[in-house]
Amino acid sequence: MLIELKDIRKTYFLGEIDVPVLKGISLGIDRGEYVALMGASGSGKSTLMNILGCLDRPTGGSYLLDGEEVGGADNDRRAEVRNKLIGFVFQNFNLLPRTSALDNVIMPLAYTAGKLSGRECRRRGVEMLERVGLADRMHHYPSQLSGGQQQRVAIARALINHPPVLFADEPTGNLDSHTSEEVMEMFGKLNAEGITVILVTHALEVAERAGRIIHIHDGRIVTGAFERGGDK
Amino acid sequence: MSMIGTIIVALKALRRNPMRAMLTTLGIVIGIAAVIAMMEIGSGSSNSIRKSIEKMGANCIMVMPGAFRMGGVSQGSGSTMSLTPEDCEAVLRECVNVGKAVPVVNARGKQAVAGNLNYSPNNIIGTGPDFLSIRNWEIGEGRAFSDREVDERSRVCLVGATIVRELFNGQSPIDCELRIQNVTFKVIGVLKSKGANMMGGDEDDVVIAPWTTVRLRVTGLKYGSATSTTSKAATTPSELYPGSGVALYPEEKDNLRTDTLLIPRFIQIDQIVLTATAPERVDAAIGELTALLRERHKLKPEDADDFWIRNSAEFMTTITNTSKVMTNLLLCVALISLVVGGVGIMNIMLVSVTERTREIGLRMAVGARSTDILRQFLIESITLCLVGGAIGIMLGHGAALLVESQLGWPIESSPGAVAAAVIVSAGVGIVFGFYPAWKASRLDPIDALHYE
Ligand SMILES: Nc1ncnc2c1ncn2[C@@H]1O[C@H](COP(=O)(O)OP(=O)(O)OP(=O)(O)O)[C@@H](O)[C@H]1O
Ligand SMILES: [Mg+2]
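Heads up: the sequence lines are chains W and R, in that order. Everything in the first sequence is counted per the numbering used here, starting at 1 for the first residue and increasing by one. Everything in the second sequence is counted per the numbering used here, starting at 1 for the first residue and increasing by one.
Excised from the complex, chain R in its bound form (with noise of 0.2 Å):
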């Protein structure tokens, strides 16, 4: 019989009992909607992750201070807090797999007050000029501030979309004054949008100034441990700020006021971020990274790093580490769905066969071979399975089309899922199928003529 001629017999066959077709192709359109909507959530938001990482910088690496923790169980053994500016300048001078570097304190959740606005900035970066090429940042309009206005603690800063936005009333905001912690600081550049990273959060909401701006008239001093005894006294702030003072009072810190700054003599910052050279060195300046902060820290062989190290490359490997438990998660409840949904069409082929016994006797006595009535039902069951294969497709794309719309989520349809959505669903038809169109083909006609 020829394909098309079976196919037409077996969909007559399916439209004879339309509600009891649905009910059993149930399980694998449920089973097939989850994998559509599964894959195309998933590469959606592996996707986004992919564009985050690229806007961040694809070679950056970060160093940030504090032991490593494992299992919530600090493995560092009494290190204090240790990322000192003087580390990120050893870092630039030492390190030949590195590009740039920059130090990086926050000052998160500080209110920003510009005229009779005020808002609390997702990011207040303090931060070098490098820090803009790292993370791919752009200015937009006005200009990056330079290093001498961080040596001169200047208080000058740059202010994302966002802050445009919330601030200024979406007008231009260069040279508008903007105040933070009562410090006020002159916007000279706007940051071209980057919109939402890869946790959806917003990354034009940032405000970033001169480093030592921010650390020292922003979020106060933080001084090194006052009994510590390691000797990175021996570097001298005066190394790194060559315009600065020297720390004469520090026990005045609280009463420090913007205009009569003085500079303590350990400093910390929250960040070095920097870039290697190459994305293909990355892994060589991070191990020039370890080994010089571990001397200049003066770890022992058997202490464990007090600072910890982490890259862009990784940052995606983490993500989509998480992406890929789910996306298994997602999948084993699509498998069971399909083999559930697959027995049940093995019941009802077989309820089918039964029924039509006469049928097949029939065309047995006409001239059908076992083979022609095993083809027969194997399509049946096929087409039966591809029905609801399609239903599920459609049903999982508009699954993801509701997450996008309601949750928005970044979603992307995907052919290659369609594809394989069709071919297991051919395939639970040919494997569920398979039992009762034997079945069928065993038969004798004569026996299937005189069937009740």
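Pulled out of the complex, with its shape left as it was, chain W reads as follows (with noise of 0.2 Å):
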């Protein structure tokens, strides 16, 4: 199993009143799976989403990623981890403003420990870029770009380092219709690759594109926890 959720639980400490958010979620996920992560506004999905991808840590629980517990590791291998394992992509891009397509794509790599050289660097760009169709925008800052595009941009940055999981936390969010579409196309061409692709939405008729889809409710899993359906 790629990904194994056992109790975690995440609690905010706001003065006197604790905010418990998460209340014990175990899941397991399969390497290539696509999983949707639905639920109503304010059930906890982001701040699953962000212990996921190793943004933020859980107050609780184990989290197995590959079988390495990451939950608890230190600061710069959970770095490593984001960098290496995990691809995140979020609801607003998160481009840097002035700063080229193709240099938002490649500034993941600036942080990799093995050096390649700037040339290498930038033909894995180029070639992320044409991955998610924007080669021929590699030039373009992101505000000369579409919502669509700068996601798709958003996207190659994410899958730069090759990594077997890609996190989005409502990546058609800030989309219209038509550019949601483009989106989902490209996370179900990035699945059929064999990317194991875990994402949050409000929209059934994106959850219905994914093999699995897991409700979620006030920081608890309702249904979809394991793969074989059934809660354990």
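Just so you know, the hints here were simulated from the structure itself, not pulled from any lab data. No false leads were slipped in.
Listed next, with one range per pair, are the computed distances between beta-carbon atoms:
#: 1; chain 1: W; residue 1: D136; chain 2: R; residue 2: L11; range: 25 to 31 Å
#: 2; chain 1: W; residue 1: G67; chain 2: R; residue 2: V339; range: 49 to 55 Å
#: 3; chain 1: W; residue 1: V19; chain 2: R; residue 2: I4; range: 41 to 47 Å
#: 4; chain 1: W; residue 1: E69; chain 2: R; residue 2: D444; range: 17 to 23 Å
#: 5; chain 1: R; residue 1: L11; chain 2: W; residue 2: E69; range: 38 to 44 Å
#: 6; chain 1: W; residue 1: D74; chain 2: R; residue 2: V431; range: 27 to 33 Å
#: 7; chain 1: W; residue 1: D18; chain 2: R; residue 2: D444; range: 18 to 24 Å
#: 8; chain 1: W; residue 1: G67; chain 2: R; residue 2: G427; range: 44 to 50 Å
#: 9; chain 1: W; residue 1: H202; chain 2: R; residue 2: E355; range: 31 to 37 Å
We put the beta carbon where it would ideally sit given N, CA and C, even for glycine.
Relying on the hints, combine the two individually framed chains into one complex.
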């Protein structure tokens, strides 16, 4: 199993009051799956995705990624995991302004341990942009790109180090239905190429493209925690 | 991240706000410019001082009459002005560490006239033939005067290049006549040009003549105190001037004419200029001199010296000390400016970290470790300081060039100062950039990403 969560908890401590957001999440996702995460607003989907993406730490429980406990790893190891093993796509794209599409795409390579030459970096960046169909826009700034194009640049950036898994938190949340379609096709294609995709969405037609839907309600999983349906 | 990559990112970040970057580095620019200008002017002047001292003669010693003054209070005990030609003779005879010694008398402020031109030479020096070798003067044309001409009070003189220009229109003045105070001198030699001295004065603005002639014919006579009861009278002038007569009517001094000269009993001289036999003997020679002159002047052990002794090395130290004080003062100004500049850098880097919190969060989200972030911001502040430093180096050099062209001060560009400036500005970048960079590196990725 690629991802294994056991009793993951996240509680925010705001002064006097504790705000429990995730109240014991356990789930398993296999390599090559396409999973959609659904739930009401405030149910804790983004919180869970941030923990999965190693951006945030759980308050309790264990998170095994490819058999390695990453929930409690030190900061440098988690940075390395984010760099090499995980691709993360944000709702608001998070591209660097005044920086060309190509430079945005190759930015993570700057933090990759095995040093690549500048030319090799660019070659890989161009390759990634070709993969998302934006090779002709590589010298454009984010402000010169449409929302869908920006999100595809962000996807290319997430994939630059060939991670086995791609997380996306409402990747189409800021896009209209037409451009959403573009982006969703992109995810379908990537999953077909063998990348594990986990995304958060509110739209049922988006979720239906996925092989499995996990429903989350008030910090607990309702259905879909493990591949063969039923809760464990 | 590679160093070059980081520097490029840093430069891009700076280019986004060129005006702000410029104002931020102003403190560094001014500080570095001050350091560079100071170093170039300082080393230029100390270099020219050293050259002047070399021109003057490295192991040159001067003895001057008068009690040594300290804090404006005479330390002497009523001693009279006291250097005599006999002292000079005695020094030559008895001090083994002294190579050459000549008496010197000055006749400053007198006018010199040649043909229909007149001019006031800066220096009219009466001395002996050895003076030229002691002070490293060379004869360019003609000849020097001899001991015999000194004894005979001959009216001959040597002139410097400036005098040739001012009084002889640059023509060869050999065998021409030059009048000083109604005394007519024949020019027998021209001195080779030495240029400006350490104070910026013109060394070539000089007339050199036998000291006997200058003292007895030009500047008038100075007698030893008539009431003096010291036994200096025991030394008779006839010892010194075998060819001269005995002083008969000293009270007629005011009526003396140049051709009916009478030798007074006590002649005073303004200086004795001498050399040690070798530069390392200077201290020994000064010791001998002091002992001999004290004995000759009949000073009791508790009495202070009634003369003072200076040597060229000492001049050098005095002047170097003065310039050191100036240098340190400027260095303080530069240091304060650098600290102020550094605080400016720190301030702007803190602003930059806050402004770019989301960027930091994003970089962390795609795999930047806290050390990467620390390094990026450190390099950014170092780059900022180095750019400021580079501008400062150019400005400082420009200021030094301006001083050179406008004030005529000698400057010397020093690669050491440039290296120091580069290191100092990088150092300021590290010291004052560290806290903001450290703050950036401590950010939590998720908090930074969600920063508004
Ligand atoms: N930093 C925080 N401090 C305190 N509470 C927080 C923090 N972040 C999130 N929460 C709370 O956690 C709960 C879950 O938030 P989360 O962003 O995970 O919801 P979500 O399911 O992604 O909702 P949406 O569909 O609107 O994006 C919310 O009630 C929110 O108030
Ligand atoms: Mg959300």
